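Chain A is fixed; fit chain B onto it per the hints.
Chains as they are written, first to last, in our numbering: chain A, 1 to 324; chain B, 1001 to 1324.
Everything labelled a hint here was simulated from the structure, so no lab data went into it.
Only pairs whose alpha carbons sit at most 20 Å apart, straight line, appear in this in silico SDA-like list of lysine to any residue:
id, chain 1, residue 1, chain 2, residue 2
1, B, Lys-1042, B, Arg-1068
2, B, Lys-1295, A, Ala-35
3, A, Lys-42, A, Ala-72
4, A, Lys-34, B, Tyr-1305
5, A, Lys-42, B, Gln-1292
6, A, Lys-70, A, Leu-102
7, A, Lys-42, A, Asp-253
8, B, Lys-1034, A, Asp-297
9, B, Lys-1034, A, Thr-309
10, B, Lys-1295, A, Leu-40
11, B, Lys-1285, A, Gln-266
12, A, Lys-295, B, Asp-1250
13, B, Lys-1255, B, Trp-1217
14, B, Lys-1316, A, Glu-269
15, B, Lys-1034, B, Arg-1271
16, A, Lys-70, A, Leu-236
17, B, Lys-1316, A, Asp-310
18, A, Lys-34, B, Val-1298
Since the structure is predicted, the reported quantities are computational estimates derived from the model, not experimental observations.
Next come the chains, spelled out residue by residue.
There are 2 protein chains.
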Amino acid sequence: MELVERMLAGGQQPLARLITLVERESAEVPQIMKAIQPHLGKAHIIGITGPPGAGKSTMVDKLTAQIRKKGATVGVIAVDPTSPFSGGAVLGDRIRMQQHYLDEGVFIRSMATRGSHGGLPHTTRGVVKLMDAFGKDFVLVETVGVGQTELDIMEAADTVVVVLVPEAGDTIQTLKAGLLEIADIFVVNKADREGANYMVTELMAMLRLYSSQKGSWEVPVLSTQAVNDVGIEELLEAIENHHQAMDEDDDLDRKRQRQRRQEFIQTVEQRVIGRLIELMEQDSKMMSYVDQVAKGDVDPFSAAYSLVTDQELLRKWQEALGRE
Amino acid sequence: MELVERMLAGGQQPLARLITLVERESAEVPQIMKAIQPHLGKAHIIGITGPPGAGKSTMVDKLTAQIRKKGATVGVIAVDPTSPFSGGAVLGDRIRMQQHYLDEGVFIRSMATRGSHGGLPHTTRGVVKLMDAFGKDFVLVETVGVGQTELDIMEAADTVVVVLVPEAGDTIQTLKAGLLEIADIFVVNKADREGANYMVTELMAMLRLYSSQKGSWEVPVLSTQAVNDVGIEELLEAIENHHQAMDEDDDLDRKRQRQRRQEFIQTVEQRVIGRLIELMEQDSKMMSYVDQVAKGDVDPFSAAYSLVTDQELLRKWQEALGRE
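The shape of chain A in the complex, shown without the other chains (with noise of 0.2 Å):
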């Protein structure tokens, strides 16, 4: 694909362009991951989520000074729970990130993920692919909130820091599994308020408990206040620290590994259910199926069984799956 070689050459106005492709899920989709493909693995993902407030898109753009400062590139999705209807947040990340706009080594990208598309894992995990294959030595994924859609696009970084404020007590206790599982390195921002100390310690005290598996790694609990830009570096250094642990574990690897077998499921698991759903817009057997569901006639259940062994339909159906 011409766009993608041009993006490989360094073009920032073709990757924003296949950016845009890979977020509106276009049918260009497949060709330009095959092309990307042999250019994937060189950067180092690192997601970084917590509950709104935690100040995470100011210690975004500490740390992508600091990255700038080491003299690597940088790429940034900050994926927003805000649908575009309502629009401020994404607005004001653009505008607190400014001073990256102008430095070539930075690319910044909001993407929303609710009510357009953009912002789901799959495409979230397309654009970060874009930005590997771009030459990007970084590529820092910011998320709000801890939901699932959160933690599945977590999945995609190498190396995940949750960031966190002494308020957000009750928080952590009613999330603290979620974020448990998927921290390889916490943050307790804003830590000249009250009650930051004690955060700390509590966090430390629930990880010796809970220890995860994460091979030799031991998940540290870093203390800062990124709007002074202090403890911004130490949380670099973990962060690299981290990378290199997981290199020597295997780990990174392994975990690449996963993800896109991962991924595969996905990528099968969407051409079948789009297939077959597009049969249920067109086929009269096929509606008729959905019709008795819908009317409470038969459970799903038994509906589903006499779906998949419908010879007629299945027939139908293999061939709109094999359709370009």
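Showing chain B alone in chain A's frame:
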């Protein structure tokens, strides 16, 4: 099924056991769902969601008491993002609701969303159905947070109540899009706190701006102090008015048809993908596809295309689809 018969005859223990089977995604689920299908559609299903700390559990507690006062029966499903190894919140809910434990007209079940079975959209939907078939007049489904999983769970409800508190200012700002789309009724709880009136006004302004298509129904913004039982009667009234409005607009029927269609697609999807994953673990040819992708030799889209056009594999898959 004998267990279903005993549940339909009013057995609380059979109901509890059936819920456990659904939560664990037992192989008997299709049979159970088929057996209860003729008994569905009578309950009014109410979803209650909002950020942590908004007082949803208390609201559910008081609403349950209010419904009981009118002589109707209630099923309560508390979906909790806490995984079993932390456990706290689920237990907390159980304790809070204990005044209802001796009441035969109330059936309460807590489910965790992560780290265990149960609490996912399709299992929650199954439990709602069991309570509906059992004959509960109202089923209250409470979720914490407004992540994608919670929004998906709310799609199974006839009436969605979004509970907020004055302090949640930022959170609304961030999440308002998703909330606006799903809310049939807004409640500002802890209405004695500072900022409550402002929040009501702001919500009403937002609703006017982004008025969604809810037929003749105008989404109201109510004030409550659940802990003091203030505003709960009005809330139940609003819930019943919403139900009636939907009924008159034929929206209830349309919504349920849409839900059943969606559920059918997901059921087919589960079977199709489940059998595919089994094949991936057993069939050597299938494994070689997965292997190539996992190693990064082939991109997932190209491999998916090869797979869905491989006649030998399709035949095996088709055979697997029909097996009970």
